[in-house]
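Note that the protein sequences, when read in sequence, are chains R and Z.
For the first sequence, the positions run 1 to 327 when our numbering is used.
For the second sequence, the positions run 1 to 260 when our numbering is used.
In short, the hints are calculated from the structure, not lab data.
Watch out, some of these pointers could steer you wrong.
[Said to hold, decoys possible] Label-pair restraints from in silico Cβ distances:
1. R:G181 <-> Z:R185: 41 to 47 angstroms
2. R:T171 <-> Z:P229: 37 to 43 angstroms
3. Z:K258 <-> R:Q15: 39 to 45 angstroms
4. R:E285 <-> Z:T20: 48 to 54 angstroms
5. R:A69 <-> Z:E236: 57 to 63 angstroms
6. Z:P229 <-> R:V146: 36 to 42 angstroms
7. Z:K196 <-> R:G14: 48 to 54 angstroms
[What the hints assert, rightly or not] Derived DSSO-like pairs (lysine-lysine); straight-line CA-CA distance at most 27 angstroms:
8. Z:K249 <-> R:K292
9. Z:K249 <-> Z:K108
10. Z:K2 <-> R:K316
11. R:K292 <-> R:K316
12. Z:K232 <-> Z:K108
13. Z:K249 <-> R:K325
14. R:K325 <-> Z:K196
15. R:K316 <-> Z:K258
16. Z:K2 <-> Z:K258
17. Z:K196 <-> Z:K2
18. Z:K232 <-> R:K292
19. Z:K108 <-> Z:K258
A virtual CB, placed ideally from N, CA and C, is assigned to each residue, including glycine.
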Amino acid sequence: MSNHIAFLAEFADGQPARSALELAAGATELATAAGGAAVGFAYGPGARSGGAGLGAAGASQVVVLGDQAAPAITMAGPLAAAVGELQPRVLLVPATPNGRDLAAALVGLLELPAFGPARAATFDGGKLRVEQATLQGTVITVNEPVEGAPQPAVVMVLANTFTPLEGGTGTAEVRDAPAAGESAFARATITESHPAEAAVVNLEEATVIVAGGRGVGSEAGFAPLHDLAAALGGAVGASRAAADAGWVPYQLQIGQTGKVVKPALYLGIGISGAIQHRVGMQTAENVVAINKDPDAPIGEFADLFVVGDLFAIVPKLTDEINRRKGR
Amino acid sequence: MKIVVTVKQVPATTAEKRYTADLRLDRASTESIVNPLDEYAIEQALRLQESGAVAEVAYLSMGPESAAEALRRALAMGGEEAYLVTDDALAGADEWATARVLAAALDKLAPDVALMGMASDDARGSLVPGAVAAIRGVPLLSYGSELSLGDGVARVRRLTATGFDIVEAPLPVVASVTDQVGEPRYASLKGIMAAKRKTLETWSLADLGLDADAIHGAALTRVVEARPPEAKPPTERIENLGADEAATKIADWLAARKLI
Chain R
1 MSNHIAFLAE FADGQPARSA LELAAGATEL ATAAGGAAVG FAYGPGARSG GAGLGAAGAS
61 QVVVLGDQAA PAITMAGPLA AAVGELQPRV LLVPATPNGR DLAAALVGLL ELPAFGPARA
121 ATFDGGKLRV EQATLQGTVI TVNEPVEGAP QPAVVMVLAN TFTPLEGGTG TAEVRDAPAA
181 GESAFARATI TESHPAEAAV VNLEEATVIV AGGRGVGSEA GFAPLHDLAA ALGGAVGASR
241 AAADAGWVPY QLQIGQTGKV VKPALYLGIG ISGAIQHRVG MQTAENVVAI NKDPDAPIGE
301 FADLFVVGDL FAIVPKLTDE INRRKGR
Chain Z
1 MKIVVTVKQV PATTAEKRYT ADLRLDRAST ESIVNPLDEY AIEQALRLQE SGAVAEVAYL
61 SMGPESAAEA LRRALAMGGE EAYLVTDDAL AGADEWATAR VLAAALDKLA PDVALMGMAS
121 DDARGSLVPG AVAAIRGVPL LSYGSELSLG DGVARVRRLT ATGFDIVEAP LPVVASVTDQ
181 VGEPRYASLK GIMAAKRKTL ETWSLADLGL DADAIHGAAL TRVVEARPPE AKPPTERIEN
241 LGADEAATKI ADWLAARKLI
């Protein structure tokens, strides 16, 4: 057993995902408390060439699981081998579909305790404590491994739980994961890959999200939301109603069956705030809602609730923000 | 071709929930339903059966005896038979223990596809499909917005961060699907009557060749504290203002928080 804290780092085109930088910061924080080092388990295209760069994000070592374009789940075998070699106390994974798949495989392969989706993870008197919102956010629980539980504890971490370190300059030492045995997970293959549709950004990477719902009314109705998002340097998201109606692609859906986001600022425009949407955004730091219905449920949990006509207010708000930014 | 859909009984989405003094969900106090996300898996399985790609659809659940209700509701939508694993030793089971038990039951049922919802409405860890696949040593096809079968392979359409992939693996597999597979059907009155006559078998841990030790006494994790979410400051409201004024106020609010 080591006191190292490992984290999963997904790469594309040689660049780490934002989640990798956040988890590197989280692992660094926990490693300082545990008396170990932050170690990245990197995978995806360019993970080997880009791995050393995680040093600036806090990692002292990076273990490369694989750097080919393949379903993330095919990295389960190398991940288990890397965990076996390093024996970390904790493994942080992003609470994204890929992160969850790999966490699940590891839990099944190695019989490990699993936590999350977590909104905080700390060491308290040498004990891991993980805080999570459960039952649609109505209860906050603090969880820990039972006495004598096997290690590592696998923690699925929500986006924006940790803040990437800034101004780091270190270089991580990069090595390959030990050879893994045959794994059934490796039998999944991508037979077709369809890249981004126009105007689709990765919501999990966004720190400002302008989300539209049923009240936006049409695909054209989203245009002012795109303008507002651009003014704020953010991304456009949507409720399931808007995605089901075909006004935006499903990749932009926030909620129980879409993305779970935790931006610094979330603006809900024409979104009623049903529980299925709320569970996808309730950990946003600041929630602003604009809705013509003064009784919309979102008005009960927004920080700022504006009752009014979104089509009149949103363009004015965009202009006002651009004016203040001197544009 | 046989599909087994796993079904979890969960508290109704909008029900009031609380934890008991021993930090477990007080299930006695709430109305229970079929996990809404499992209904999409049921719908996908039944569509594949209707298209002729699948001969048999069965259901599997793990939970208290009352979870039989959830299985009856699934049978009312369609399918042939259902199995419930229930055992006092399973109270408080975590993801690994749940996956271990489901995997043992699936070993007995030997489906070509073990099909699951993408998450449970209550816990939302989404770990069970991958953990079951790991324990059974079969491939995982997760988060499918559509599942298709043919030529000894299963295939899912899976959204990526910004686009989508088609991912394929040889049978047998564990697969999970999202709400994009299509709206779940309602159970007809005829379906509800028919469900009462369908086989619903109950298994104990011993029936699966497991005991409490084999599942680490049900959990490797424990809840040490359960509390309501932090009280947020009351919502500030802007009402009855013209668009210009409202926009200025919103901008002021954002600026005060250094968000612009």
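*Below or equal to 27 angstroms on CA atoms is what counts here, so check K316 of chain R against K258 of chain Z.*
It holds: about 19 angstroms lies between the C-alpha atoms, which stays within 27 angstroms.
*asked:* Check the hint pairing K249 of chain Z with K292 of chain R against an upper bound of 27 angstroms on the C-alpha distance.
replied: 17 angstroms, holds
*Pair hint outcome, K108 of chain Z versus K258 of chain Z [Cα-Cα no greater than 27 angstroms]*: 59 angstroms, violated
*Distance restraint between K232 of chain Z and K292 of chain R, which requires alpha-carbon spacing of 27 angstroms or less*: 23 angstroms, holds
*asked:* Holds or violated: K325 of chain R and K196 of chain Z, Cα atoms, limit 27 angstroms.
replied: 66 angstroms, violated
_Just to be careful, I want the Cα atoms of K2 of chain Z and K258 of chain Z compared with a cutoff of 27 angstroms; is the pair within it?_
57 angstroms, violated
*Proposed proximity, K108 of chain Z with K249 of chain Z (alpha carbon, max 27 angstroms)*: Answer violated: K249 of chain Z to K108 of chain Z is near 64 angstroms, above 27 angstroms.
*So the hint says 48 to 54 angstroms: do the beta-carbon atoms of E285 of chain R and T20 of chain Z match that?*
Given about 32 angstroms between the Cβ atoms, the range is violated.
*T171 of chain R paired with P229 of chain Z, Cβ distance criterion 37 to 43 angstroms*: Between T171 of chain R and P229 of chain Z, where Cβ atoms are some 41 angstroms apart, the hint holds.
*Sort out whether K108 of chain Z lies within 27 angstroms of K232 of chain Z, counting only the CA atoms.*
Status violated; Cα separation ~50 angstroms.
_Status of the given 36 to 42 angstroms range, CB of V146 of chain R versus CB of P229 of chain Z_ = 25 angstroms, violated
*Are A69 of chain R and E236 of chain Z spaced within 57 to 63 angstroms by their CB atoms?*
For A69 of chain R and E236 of chain Z the Cβ distance comes to about 47 angstroms; the hint is violated.
The structure does not agree with the numbered hints 3, 4, 5, 6, 7, 9, 10, 12, 14, 16, 19 stated previously, though it agrees with the rest.
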